[in-house]
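**Q** Modelling step: build the complete structure from the supplied sequences, incorporating the hints.
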Amino acid sequence: MEALKNLQKNIVKSQIWKSIFRVGIPTDNRKRALAMLGNVFLHLHPIKVKKSGLRMSYTWCMGGTAFFLFLVETITGILLMFYYRPTVEYAYFDMVDLREAAAFGIMRELHRWGAHAMVISVWLHMFRVFMTGSYKPPREFNWNVGVILLVLTLLLSFTGYLLPWDQLAIWAITVGSNMARATPLLGAEGPGAALLQIGGTKLIHVGSDARFGLIAGRTIGNGTLIRFYVLHCVAIPFVAACLIAVHFWRVRKDGGISGPM
Amino acid sequence: MEAIKSIINFLSYPEWSFTLSIVLFGAAVWSRWLWTKTGGWVMFAVVTIFFALSMFDPNFFVVVAKPDNVPIVMMIYLIGFFWWFAMYKAHRNDELMESGEPTFEKSESEDRIFTWPDLVFSEFICMVLLTVGMVLWSILLKAPLEEPANTSVAPNPSKAPWYFLGLQEMLVYFDPWMAGVVLPGLIIVGLMAIPYIDTNKKGNGYYTFKERRTEIILFLFGFLILWCELIVIGTFLRGPNWNFFGPYEFWDINKVEPLVNVDLSEIIWIKVLGVGLPGNWFLREIFGILFAGFYFLGLPVLLIKSKFVNRFYQKMGPTRYFVGMTLFLTMMLMPIKMYLRWFLNLKYFIHIQEFFLNL
Ligand code: HEM
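Chains A and B, in that order, are what the protein sequence lines are. Residues 240 to 500 (our numbering) make up the first sequence, in order. Residues 58 to 416 (our numbering) make up the second sequence, in order.
Mimicking DSSO-like on lysine-lysine, the simulated pairs with C-alpha atoms at most 30 Å apart in a straight line are: (1) Lys394(B) to Lys216(B); (2) Lys259(B) to Lys290(A); (3) Lys163(B) to Lys290(A).
Because the hints were derived from the structure by calculation, they are not lab data.
**A** Structure below.
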């Protein structure tokens, strides 16, 4: 016991430790504040929080869970990217390899179940925010940022669904993307699309409509796979990460977790 | 047992189960007992016994145990639990306020606590627990991988990912331009509009039901019935050819449902007036157009006359009122069309194939 205590003391006093954690283990209020300010990750938080807002029974920790799952998806997603090649020849067989041959063979599971769980936790988070009336002034804008995050979460899930390139994947995406055909004005079979023509030449047809733009072709194929891959791994996560930063910033700027006035 | 199963099968057909869930929803919202601890445990027991017993049924088991459907069972429990929990807290706060005491949140919100260690450590514990949970889930349940993609062999049924199955279910009642584009778009717009339409200043930052009854009931109706329930139907009860199957029915590919749906124009011109359909599309669809015009333009104005709605009109002012009413009526178009389909076989109010404009 004595030896352990000494060891701890020596570690905490060492130059290496002190160079990383300037404050040491917080023992008084000043150090508690400094610990929050000095760390780039922790400084997202305020130094003090409302006791009511701290309670799990108030926030259900659902925003935090959504964020945590976003991080899980990022990490497992990066690991999956080492193995996965987004082409029609390889995609499916890389999936098979992932399940049969890769070390830590649960990355795909973590990624897939994490995605489902993230969708559910974002819904529950929205439900909580509604039930506590936290969208009311001054948090109207942050609710809107949240709605966009909700849409992005669904789009992330949707674009990822195609990547295994199995029957489940392409037919789910077929059902989903067929809807784009019917976009008013912009879909080949959408209401009003026929109005968009110049001198009898249709502007909107199966080779130029919203569905064509979404799946990069007339049918789902290599073009779709690469498009969904880039959206899923780079474009949407990038936008989502930016908006999550805005979201957290606004939680603080709007006065912290809501509470009765 | 078989008799009970066939009763449940019968009752789960959308026209009955939807009606039943609206009735139950209404009863639940007005109930006080349900939102007590006893009520919560009883509900939990009922749902769990239902699931546990049903798992013995092979047809039920096949659908529920699909790996991708497991999260939906989880969702049913989580949403059920949190619905109960939010209402439990809301009612307790309402009772506190009634007896002149501050709400639970109010009595604590003046208290400021250092983030380190309280918040940081609870976040850490949450992360550890979630990690353990996710790892266990991933070890126990393999991610599905079916046959390699084959663009010429469509599985039957072809289903969208589960979180979009509410939208796919809407396809039964609306054309893709509505179910796939306009309605989802308006859901997003509607959600974004909530903070700007809702002028009730009370109930900000604490659980309460009494102070925001209408808001909560409207939101819950959309979220629980029109979104979550349709997902559950689309996942568990829609089989080959998107035909409806009760929970204990075998998904028979050969099941045929007679398609006898008729348009509003046919009902009025042919059945009621006894003349043929006019050739001119505008004349042919005039009743549908009048209906839509009345529904979206006339009704909001007429409703102002009613005492209940007038209160909102006064509080919200014209802009908020008309935007909110339009969104509300669009939402209600869904159940209205469902009932007209079930009981009158109505296909379209307006059917202008000439422009792909079918409503
Ligand atoms: C990727 C999705 C999202 C993440 C990671 C996220 C994260 C968070 C976190 C960590 C908080 C702090 C309080 C808490 O945990 O409840 C929060 C608060 C908040 N979120 Fe989100 N959120 C997301 C989506 C949403 C959505 C969909 C909405 C609403 C439509 C929303 C609206 C809000 C609002 C209004 C607050 C302030 C609540 C208060 O002060 O009580 N967020 N969010």
